[in-house]
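From first to last, the protein sequence lines stand for chains C and L. Sequential numbering of the first sequence, starting at 53, is according to this note's numbering. Sequential numbering of the second sequence, starting at 53, is according to this note's numbering.
Think of the hints as simulated: they come from the structure by calculation, not from any bench. Certain hints may be false.
Since copy identity is lost for identical chains, a pair holds within one copy or between any two.
[Unchecked claim] Under the rule of at most 27 angstroms between Cα atoms (straight-line distance), these lysine-lysine pairs were calculated in the DSS-like manner: (1) Lys335 <-> Lys347; (2) Lys218 <-> Lys190; (3) Lys347 <-> Lys334; (4) Lys106 <-> Lys334; (5) Lys190 <-> Lys107; (6) Lys106 <-> Lys347; (7) Lys404 <-> Lys347; (8) Lys106 <-> Lys335; (9) Lys107 <-> Lys335; (10) Lys106 <-> Lys190.
There are 2 protein chains.
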Amino acid sequence: MDRYLLISADGHAGPPAELYRNYLDPGYHQRFDEHQAEQLAMRQSAGYGAEAFKKEWEAETGDGGLTGAFDSDVRSEMLDREGVVAEVLFPDADVMGTGRLASSPFGSGLASSGDSDPELVLAGAKAHNRWLADFVAKQPDRRVGVAVVPIIHDIDAAVAEIVAIKELGLGGVMMPTRWMSEPAYHDPRYEPVWSTIEELGLVLHTHSGSGPADYEPGPGYMAIYATEAWWWAARPLWVLLWSGVFERHPNLRYVIAENGAWWLPDLVTKMDEKYLGGHNTKKLGNAFTENLSMKPSEYIDRNCFLAASTPGVEDIDRMYQVGVGNMMWGSDFPHPEGTFPHTREMVRRRFKDVPEVDARRVLGLNAAELYGLDVDALAPLVERIGPRLSEVHAL
Amino acid sequence: MDRYLLISADGHAGPPAELYRNYLDPGYHQRFDEHQAEQLAMRQSAGYGAEAFKKEWEAETGDGGLTGAFDSDVRSEMLDREGVVAEVLFPDADVMGTGRLASSPFGSGLASSGDSDPELVLAGAKAHNRWLADFVAKQPDRRVGVAVVPIIHDIDAAVAEIVAIKELGLGGVMMPTRWMSEPAYHDPRYEPVWSTIEELGLVLHTHSGSGPADYEPGPGYMAIYATEAWWWAARPLWVLLWSGVFERHPNLRYVIAENGAWWLPDLVTKMDEKYLGGHNTKKLGNAFTENLSMKPSEYIDRNCFLAASTPGVEDIDRMYQVGVGNMMWGSDFPHPEGTFPHTREMVRRRFKDVPEVDARRVLGLNAAELYGLDVDALAPLVERIGPRLSEVHAL
Numbered sequence: 053m054d055r056y057l058l059i060s061a062d063g064h065a066g067p068p069a070e071l072y073r074n075y076l077d078p079g080y081h082q083r084f085d086e087h088q089a090e091q092l093a094m095r096q097s098a099g100y101g102a103e104a105f106k107k108e109w110e111a112e113t114g115d116g117g118l119t120g121a122f123d124s125d126v127r128s129e130m131l132d133r134e135g136v137v138a139e140v141l142f143p144d145a146d147v148m149g150t151g152r153l154a155s156s157p158f159g160s161g162l163a164s165s166g167d168s169d170p171e172l173v174l175a176g177a178k179a180h181n182r183w184l185a186d187f188v189a190k191q192p193d194r195r196v197g198v199a200v201v202p203i204i205h206d207i208d209a210a211v212a213e214i215v216a217i218k219e220l221g222l223g224g225v226m227m228p229t230r231w232m233s234e235p236a237y238h239d240p241r242y243e244p245v246w247s248t249i250e251e252l253g254l255v256l257h258t259h260s261g262s263g264p265a266d267y268e269p270g271p272g273y274m275a276i277y278a279t280e281a282w283w284w285a286a287r288p289l290w291v292l293l294w295s296g297v298f299e300r301h302p303n304l305r306y307v308i309a310e311n312g313a314w315w316l317p318d319l320v321t322k323m324d325e326k327y328l329g330g331h332n333t334k335k336l337g338n339a340f341t342e343n344l345s346m347k348p349s350e351y352i353d354r355n356c357f358l359a360a361s362t363p364g365v366e367d368i369d370r371m372y373q374v375g376v377g378n379m380m381w382g383s384d385f386p387h388p389e390g391t392f393p394h395t396r397e398m399v400r401r402r403f404k405d406v407p408e409v410d411a412r413r414v415l416g417l418n419a420a421e422l423y424g425l426d427v428d429a430l431a432p433l434v435e436r437i438g439p440r441l442s443e444v445h446a447l
Numbered sequence: 053m054d055r056y057l058l059i060s061a062d063g064h065a066g067p068p069a070e071l072y073r074n075y076l077d078p079g080y081h082q083r084f085d086e087h088q089a090e091q092l093a094m095r096q097s098a099g100y101g102a103e104a105f106k107k108e109w110e111a112e113t114g115d116g117g118l119t120g121a122f123d124s125d126v127r128s129e130m131l132d133r134e135g136v137v138a139e140v141l142f143p144d145a146d147v148m149g150t151g152r153l154a155s156s157p158f159g160s161g162l163a164s165s166g167d168s169d170p171e172l173v174l175a176g177a178k179a180h181n182r183w184l185a186d187f188v189a190k191q192p193d194r195r196v197g198v199a200v201v202p203i204i205h206d207i208d209a210a211v212a213e214i215v216a217i218k219e220l221g222l223g224g225v226m227m228p229t230r231w232m233s234e235p236a237y238h239d240p241r242y243e244p245v246w247s248t249i250e251e252l253g254l255v256l257h258t259h260s261g262s263g264p265a266d267y268e269p270g271p272g273y274m275a276i277y278a279t280e281a282w283w284w285a286a287r288p289l290w291v292l293l294w295s296g297v298f299e300r301h302p303n304l305r306y307v308i309a310e311n312g313a314w315w316l317p318d319l320v321t322k323m324d325e326k327y328l329g330g331h332n333t334k335k336l337g338n339a340f341t342e343n344l345s346m347k348p349s350e351y352i353d354r355n356c357f358l359a360a361s362t363p364g365v366e367d368i369d370r371m372y373q374v375g376v377g378n379m380m381w382g383s384d385f386p387h388p389e390g391t392f393p394h395t396r397e398m399v400r401r402r403f404k405d406v407p408e409v410d411a412r413r414v415l416g417l418n419a420a421e422l423y424g425l426d427v428d429a430l431a432p433l434v435e436r437i438g439p440r441l442s443e444v445h446a447l
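One chain only, chain C, in its complex shape (with noise of 0.2 angstroms):
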């Protein structure tokens, strides 16, 4: 086939509050509404100067890619322009904070953390859950769902909404990226977690977007926030993988979603350096060994896959040190921030020098095996929309 799968393992939906309000128990209607207008007023008093990009933004975008997050057809539509035949589906795809779409209810979507109250967040990702299990449901071909599960509270009622989830059609799990005063994702608690996802053939993920809570606004604080991001939705990959997660839960499947790939190599450098006995921590004995059966990089190649959405050229470069079977393309559709409406010339840009065994790989087979999408299936769509790999690799 002389065009790629491009599948984008990095997409974000959700509908306006309206919607969302008719996926949560009744119960919570009230308090829907109430939290609503909160975020808005929040977001109206929040501008850090961004007007003149949203302009730009919507002056180049028309509805910024909004419609297409929660109108099955518009996004089709859209993707099909873009040369995306499928997507993995994270939450919150209004980051501009225009109001036009609600955020996962109750603050379950990619700020959900050990802070928030453990009843509404529950009750957000449930119907956030439901809503996304039907949507995926209209083009389910195209589509893998991720589920937002706040597993930090309730651990049996985590593993009862993973359970569920499975049934309904979503194929992964998008997990806290901060526990913040709960205990950390190193504590046996969470064992029921791990055990039902890897059982359950899910895939677990930590999404970046929330940051640390451990400073206030003032100056700096937004390039504060943008410059250690990275970190906090990082971070997980080592207190998992130091406490053993990826030993006693050898099928485990991992995602670091929107958070580059970049960072990877030097980290798996230092991690093995330790586990062998480098010099600089011999001093602590048995730390690095003690739970695992084989090198921090060997778990990495095994169970950990990044989704680098918006590849930048460091990211690419440092391919073959992430793993060609590690790292997975991604849109971040319909962020500003991501490669919508530019996204056939974002692909030719990063990937024109890649080898195009390679490329497919990173481009789209990786997410198909990951997330058990049928590529024969999918395979008369690529022949329509996908990007050519004269149009990729032209000078």
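Go by the hints and put chain L onto chain C.
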């Protein structure tokens, strides 16, 4: 000169408890004794399987260099053997938990944080600083003392202590790495601290060693800590930078000690990209430019230095990306993860292929300039003990 001026930008010094006690205001003696007893008990219960390493270490070094941590003549003899003419001195020499030396009183050393008891940590810091001033005064050409100053709790008291340690002849200030639940270092409340350090020509430091407090002991605890410790020590860099501290204080010099250098180039790339309006963060408007008049890399070049103790191959490999003028070698004496008692051999291994002009900077000249050491006064000592070029560059 056919020898290298070898200056360690990272050494540790501190006395046994009975000596520290004399430097504390008498009102704190009883609480110091209690705190020491608690510390000892904690150390004895802490073991993580490193007993075998401890035995090896003592078999190799005898006292592990700990007598040199507080005995001026012994230290100088040891450094002579190692080829080190001068040192920058931080607290907490006894990291193996032997109990032979005390930590900087009341956790005022590497463990100092926003969670420290404000009164006790200041009293402890004053005691350490007085002891350190006496220790430096015994060999002022060879020693730069870095005072410990808990800048977080009481700004006026911190400023007063900074003025006091300048008068005591110390050359730098180490601030706590972690602000914990107190205001982060972007907060304008710290302005008097930065101004005072800048005006007095002192050097500001963070030093690796303290990790996060957001997870409890459990599987993989020490490995998780060791994997992320570098990040916590580096973090103040981007907090200070984005909040405009280096813009407002062009002469403020900031050193990150015992934290490698390998991580800096990627950080700089990412920060510059954001400042210059990179695609991924364009939506944040002026968040990256509001406090700066230059690119982040330019502030780092001017204001920031890395004391890359016991550099690894990955630190040397990126020396030219870090900046040959911004990187300093360190021995970390007498810590077992340092180069002692094999400093000459470790210098040879890492610097044998580094051009002489650059090795001279990283091994000593940068530190001499930064801390105002008298290179002419040290010349005879270099003639006597400095590693020979023929030795360092031997194949």
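Here is how each hint holds up against the structure:
{"no.": "1", "hint": "Lys335 <-> Lys347", "in the structure": "within (19 angstroms within a copy, 40 angstroms between copies)"}
{"no.": "2", "hint": "Lys218 <-> Lys190", "in the structure": "within (17 angstroms within a copy, 71 angstroms between copies)"}
{"no.": "3", "hint": "Lys347 <-> Lys334", "in the structure": "within (16 angstroms within a copy, 39 angstroms between copies)"}
{"no.": "4", "hint": "Lys106 <-> Lys334", "in the structure": "between (52 angstroms within a copy, 10 angstroms between copies)"}
{"no.": "5", "hint": "Lys190 <-> Lys107", "in the structure": "neither (32 angstroms within a copy, 66 angstroms between copies)"}
{"no.": "6", "hint": "Lys106 <-> Lys347", "in the structure": "between (46 angstroms within a copy, 24 angstroms between copies)"}
{"no.": "7", "hint": "Lys404 <-> Lys347", "in the structure": "neither (34 angstroms within a copy, 30 angstroms between copies)"}
{"no.": "8", "hint": "Lys106 <-> Lys335", "in the structure": "between (53 angstroms within a copy, 7 angstroms between copies)"}
{"no.": "9", "hint": "Lys107 <-> Lys335", "in the structure": "between (57 angstroms within a copy, 11 angstroms between copies)"}
{"no.": "10", "hint": "Lys106 <-> Lys190", "in the structure": "neither (31 angstroms within a copy, 63 angstroms between copies)"}
Checked against the numbered hints given earlier, this structure breaks hints 5, 7, 10; the rest are met.
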